[in-house]
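Trainee: Listed below are the residues making up each chain.
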Amino acid sequence: MVTRPRLFQFDGAVSREPVNPNNGFYMQDILSVSQFNRENLAYLFDVAEEMRELVRRVGACDLLKGYVMACVFYEPSTRTSSSFIAAMERLGGAVIPITQGVQFSSVAKGESLPDTIKTLEQYSDVIVLRHPEVGAAKIAADVAEVPVINAGDGIGEHPTQALLDLFTIQEELGRIDGLHIAMVGDLRFGRTVHSLTKLLTMYDVRLSFVSPEILRLPLDLMNEVRAKGIPVYETYDVADVIEDVDVLYVTRVQKERFTDLNAYEQVKNYYVITPELMKRAKERMIVMHPLPRVGEIDPAVDRDPRAAYFRQVANGLYIRMALLAAVLGKA
Amino acid sequence: MVTRPRLFQFDGAVSREPVNPNNGFYMQDILSVSQFNRENLAYLFDVAEEMRELVRRVGACDLLKGYVMACVFYEPSTRTSSSFIAAMERLGGAVIPITQGVQFSSVAKGESLPDTIKTLEQYSDVIVLRHPEVGAAKIAADVAEVPVINAGDGIGEHPTQALLDLFTIQEELGRIDGLHIAMVGDLRFGRTVHSLTKLLTMYDVRLSFVSPEILRLPLDLMNEVRAKGIPVYETYDVADVIEDVDVLYVTRVQKERFTDLNAYEQVKNYYVITPELMKRAKERMIVMHPLPRVGEIDPAVDRDPRAAYFRQVANGLYIRMALLAAVLGKA
Amino acid sequence: MVTRPRLFQFDGAVSREPVNPNNGFYMQDILSVSQFNRENLAYLFDVAEEMRELVRRVGACDLLKGYVMACVFYEPSTRTSSSFIAAMERLGGAVIPITQGVQFSSVAKGESLPDTIKTLEQYSDVIVLRHPEVGAAKIAADVAEVPVINAGDGIGEHPTQALLDLFTIQEELGRIDGLHIAMVGDLRFGRTVHSLTKLLTMYDVRLSFVSPEILRLPLDLMNEVRAKGIPVYETYDVADVIEDVDVLYVTRVQKERFTDLNAYEQVKNYYVITPELMKRAKERMIVMHPLPRVGEIDPAVDRDPRAAYFRQVANGLYIRMALLAAVLGKA
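Chains as they are written, first to last, in the UniProt record's numbering: chain G, 1 to 331; chain H, 1 to 331; chain L, 1 to 331.
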């Protein structure tokens with residue numbers, strides 16, 4: 001065949017050379033909080049701060065122009081998928097949104113997760129995966145050549161949530177070392193509590209765990225925390241800690257984790273953070289919540305400047321922008 | 001921590017400074033037709049004309065580059081969501097599409113509308129909301145710091161539909177004052193008829209209302225029209241007005257509004273606009289319809305140049321582009 | 001009204017003039033494999049090769065900036081819709097994703113396919129349509145002024161799949177003429193087999209058809225192949241052809257095509273391609289599959305360099321990029 005002149009010269013293209021391939025994240029999968037240390041967290045939070053500056057000043061940039069993110073949600077999570085989609089878009093990248101959660105046509109026809117992943121990576125440069133089964137993200141990462149980011153695998157891990165939680169503490173209070181952090185609510189099934197607790201054991205903190213008896217932190221995790229020498233206090237009553245804490249991390253009691261609805265009804269409203277309770281808290285402290293909430297925090301608390309949970313949502317955007325840029329070698 | 005050089009300099013960024021913050025729309029919510037007057041409608045239609053020129057000449061621009069629109073549809077509406085998505089994309093902006101309508105994961109977990117909105121606004125610069133309940137858009141607007149555009153709240157308002165309807169009359173006939181406009185079909189439940197009628201009372205028009213007895217225009221709206229001094233005529237038969245009208249605005253009898261299906265069956269095909277009927281209409285007049293139609297207009301009428309309903313759809317794109325640009329201060 | 005200066009000068013706009021309106025595809029609908037010949041296939045494959053180069057080097061470009069693709073799937077197909085979405089995005093274009101397949105609100109209200117298409121074309125520059133009914137794409141193309149690309153109409157056609165299949169053979173083996181291609185599996189209902197077979201009859205090939213008796217190639221298609229003078233061989237056993245074939249095109253027995261589930265159970269695992277079987281195949285040959293697979297190919301075969309089915313998926317991206325650029329006159 002006669003060679004003809006190329007019809008286009010890649011107008012508008014941005015180089016795909018990594019600008020920082022030695023950032024410790026380049027082409028890595030993000031599967032678990034256990035893969036982070038204080039050093040790479042400091043790097044990531046530094047990039048996330050830049051992302052916040054970027055969003056506030058100009059909204060978006062072309063850093064990931066030319067990159068496509070497949071957003072694959074086997075179960076719906078509006079908050080998480082929206083956050084990843086906005087993150088990719090604000091970096092100039094494109095998104096394949098597969099967020100229905102209901103009926104993946106290929107899956108309905110019997111396709112395996114590895115085959116679905118190996119298919120989608122042909123179209124994309126990074127895969128964000130939400131799946132109801134523990135270990136699904138690892139399976140996907142093992143077969144994919146592109147980076148896989150775990151956006152939650154059942155009762156397993158949800159590392160980007162833990163990262164944004166820790167980043168929020170850093171941003172709101174200027175440090176992590178030296179703080180007293182209380183986890184409140186469902187500490188037994190609460191995936192976010194477990195992941196954040198693991199990250200916090202790398203810092204010089206004190207931890208309090210406030211829950212009803214049947215929702216106490218699992219023993220193995222408690223032992224892990226103690227083994228690191230972290231001072232720990234357990235109580236049934238948030239009033240026991242409210243005056244001293246720097247961070248009150250409140251969680252929803254998740255109805256879907258209970259098989260016995262009576263047990264759920266007994267504990268669902270065990271804790272309610274109210275303006276009255278907040279009067280007893282320090283002037284400089286924050287209330288966090290991974291959201292959605294269903295009653296654990298009185299909406300009247302929203303007006304309190306210490307209510308950090310919606311700023312926490314925004315931090316999720318910056319952290320995910322930082323992660324996407326980092327795994328693609330652009331930060 | 002040692003300060004390191006910024007990793008990127010906001011490549012491809014566009015200024016977020018409003019170019020026209022005094023346009024009367026900047027950072028405003030768009031909730032109801034009652035917030036418009038002849039002056040700001042003239043401004044909006046002027047911008048919409050530019051948008052049409054833009055789409056025809058170059059398809060898209062970078063006016064809203066760096067901005068993200070959350071498109072949140074609690075009930076599905078393919079036409080409206082597609083129109084808003086295309087509008088944002090043709091302005092260079094990005095979209096978070098939440099258009100499933102079925103199962104919002106957070107909502108399923110019990111999250112309130114205010115919390116969902118306060119979450120999504122952390123990711124986005126403008127929120128387009130469709131909700132089955134009257135007043136939902138107002139609730140959202142009250143809590144959101146970003147502008148909220150009502151894309152329909154149940155039997156309440158659907159202001160962008162009314163705007164595109166009025167814009168279509170202006171574009172097709174060059175004016176609104178002096179026209180005779182007939183509304184045909186379901187005038188009782190038809191949200192679009194009510195909203196357009198309200199807008200038209202600001203102009204010097206004559207209005208005819210053509211419907212079966214059980215679908216007549218509600219008395220309070222009729223009184224509101226009469227109080228403005230608008231000449232009104234009511235009839236059961238479209239033949240009574242066809243020879244005189246400048247605009248024939250036809251609507252579908254919406255089965256979903258009837259509890260008595262027998263009543264629906266009796267009126268559903270009460271009116272059919274046919275080529276024969278169109279022979280009696282003026283040479284310069286238009287037939288409009290908010291679509292979808294199910295039989296009120298014979299498809300043979302589509303070839304008639306006076307059939308304006310698909311051009312009306314395109315006008316929806318231009319109006320929504322104009323609104324998005326206006327509320328973000330870019331028009 | 002006083003003319004005011006235009007508020008923006010179409011920043012970031014790219015010319016919409018076709019650069020190559022005589023490419024044979026410009027503004028054409030892509031409905032069936034029957035509209036292709038060796039000449040326009042050679043052109044298309046040449047462009048697709050450029051697209052691969054583009055994706056590998058820079059990921060994306062601005063060739064279709066300013067263009068919007070409506071991706072309208074009346075039935076879900078994650079693979080196909082993702083491929084088209086990524087294709088449009090990597091060309092710099094925008095997408096209206098209507099991929100739920102479940103509940104089109106307008107359709108639920110009784111809207112006809114022509115009306116839906118005439119609506120969506122007001123927002124978009126090209127429509128990609130998946131529909132469960134044979135002939136739907138033709139109906140859409142007849143009413144649309146923008147190009148319509150058939151992404152599968154029931155048991156009818158799925159031309160882009162056949163194009164990517166043929167392109168894969170060309171790319172993997174450097175030619176099509178002179179090859180021996182065996183189709184294996186469900187040759188009766190397999191839409192992809194039928195379409196690829198039709199394309200192959202334009203080349204100088206030998207074809208083998210391997211299937212259980214009840215899933216043999218339909219007689220009319222077999223006669224069409226023979227009428228072109230193509231040497232044909234039919235067998236029940238893949239072992240009969242494995243040593244000689246250049247291409248082994250394996251398909252899934254589609255459970256959803258069977259009304260008698262007993263009949264399905266009898267044939268579903270009739271063929272399994274294993275590493276043992278592959279030992280008998282030539283060194284330079286390829287195994288293809290349109291995917292998803294459910295057991296016809298042992299995953300252990302994936303490590304065999306002759307396993308081409310995931311590279312075949314990537315070729316789907318390049319072919320669809322080429323088609324989109326071609327119908328919009330940009331290639």
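FYI, nobody ran anything at the bench for these hints, they're computed from the structure.
Misleading hints may appear alongside valid ones.
No copy is singled out in the list; a pair is fine if it fits within one copy or between any two copies.
Calculated lysine to aspartate or glutamate pairs in the EDC-like style (CA-CA distance at most 16 Å, straight line) [as the list claims (entries may be wrong)]:
| hint | residue 1 | residue 2 |
| --- | --- | --- |
| 1 | Lys-268 | Glu-296 |
| 2 | Lys-118 | Asp-244 |
| 3 | Lys-255 | Glu-224 |
| 4 | Lys-118 | Asp-177 |
| 5 | Lys-279 | Asp-298 |
| 6 | Lys-118 | Asp-62 |
| 7 | Lys-255 | Glu-111 |
| 8 | Lys-268 | Glu-50 |
| 9 | Lys-282 | Asp-62 |
Trainee: Evaluate each hint against the coordinates.
Mentor: Evaluation of the provided hints:
1. Lys-268 with Glu-296: Result: close within a single copy only, 8 Å intra versus 49 Å inter.
2. Lys-118 with Asp-244: neither (50 Å within a copy, 29 Å between copies)
3. Lys-255 with Glu-224: neither (27 Å within a copy, 50 Å between copies)
4. Lys-118 with Asp-177: neither (42 Å within a copy, 30 Å between copies)
5. Lys-279 with Asp-298: Result: close within a single copy only, 14 Å intra versus 65 Å inter.
6. Lys-118 with Asp-62: Neither: 27 Å inside a chain and 27 Å across chains, both beyond 16 Å.
7. Lys-255 with Glu-111: between (31 Å within a copy, 13 Å between copies)
8. Lys-268 with Glu-50: neither (39 Å within a copy, 55 Å between copies)
9. Lys-282 with Asp-62: neither (42 Å within a copy, 47 Å between copies)
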